[in-house]
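**Q** Sequence:
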Amino acid sequence: MRTAARERHISVPRGVRVLPCVPGALDAERTAVASAPVRGVLFDLDGTLLDLDLHAFLRRYFGALQEVLAELAGPDGARRAMDAVLDATEAMAVPHDGLTNRSVFERRFDEMTGLDIAAAAPLLDTFYEDIFPGLRGECGPAPGGREAMQAALGLGLRVAVATNPIFPRRAIEHRMRWAGIGDLAPHVVTSYETSTACKPHGAYFREVAAALGVAPHECVMVGDDAILDMAAADVGMRTFYVGSGTAEADYAGNLDAFADLLPRLVGD
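Using the working numbering, the final residue of the sequence shown is 268, and nothing's skipped along the way.
Because the hints were derived from the structure by calculation, they are not lab data.
Using C-beta positions, here's what the derived DEER-type ranges look like: (1) Gly-63 / Glu-90: 17 to 23 Å; (2) Gly-74 / Pro-143: 41 to 47 Å; (3) Gly-267 / Leu-123: 46 to 52 Å; (4) Arg-17 / Pro-95: 30 to 36 Å; (5) Ala-64 / Glu-111: 22 to 28 Å; (6) Asp-76 / Asp-130: 22 to 28 Å; (7) Glu-111 / Arg-17: 45 to 51 Å.
In this text the structure is predicted, and so the values were computed from the model without any measurement. Backbone N, C-alpha and C fix where the C-beta goes; we use that ideal spot for every residue, glycine too.
Construct the entire structure; sequences and hints are all you get.
**A** Written out as structure tokens, the structure reads:
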């Protein structure tokens with residue numbers, strides 16, 4: 001369910017598109033909730049704050065990771081270990097109440113391989129510290145990303161880097177540096193060590209809002225994925241779409257346009 005700016009009686013700056021509502025999606029209660037001032041901003045990372053070719057990056061990532069897995073499982077077991085990584089990653093995307101994504105990943109990996117991945121922590125730590133930074137390739141800051149986050153922080157809002165938490169915190173910190181925001185201080189960064197859900201499930205967005213100390217309806221989710229990110233609307237968050245395709249969202253535009261819009265959302 002989405003709302004429209006006209007229902008909130010705000011004007012929008014140049015460059016922001018207010019997307020049409022789905023007929024019947026609004027009622028008086030929903031409109032009242034949507035009128036609450038924004039207190040929290042969730043920024044997606046990959047494809048939003050970080051400009052990257054995701055498929056090319058994942059090829060580099062999994063190629064490098066397979067070499068590490070060969071050290072863990074031996075040359076003959078590397079392929080099976082890689083299959084286990086992919087399967088365990090999918091397992092994190094399935095609802096698993098009360099368990100961290102990391103614990104789900106490790107349990108599934110161990111079940112498939114008979115290995116204890118937790119015992120390989122030093123090997124993986126070295127991978128993420130020394131090898132992962134070299135996988136940057138063409139990745140770089142998305143235009144307007146740093147400025148948009150600075151605008152949110154400057155307004156005193158609670159800010160989250162709401163990347164899908166299937167990576168360790170160290171890998172996310174590297175990508176934040178690639179995005180040019182490594183020196184900024186968001187209040188929450190979602191990672192597989194602490195998150196207990198993934199996008200697009202409502203539990204993920206509720207968990208981030210709770211970590212920020214605000215209600216979901218006081219948040220706006222900014223992202224480029226029409227499915228994973230815009231699903232935040234299902235828990236009452238407003239949505240701003242920065243992708244190149246089409247999406248069901250409250251607003252659409254680039255990150256500069258979002259930064260221009262934000263003071264008006266705060267002043268609702």
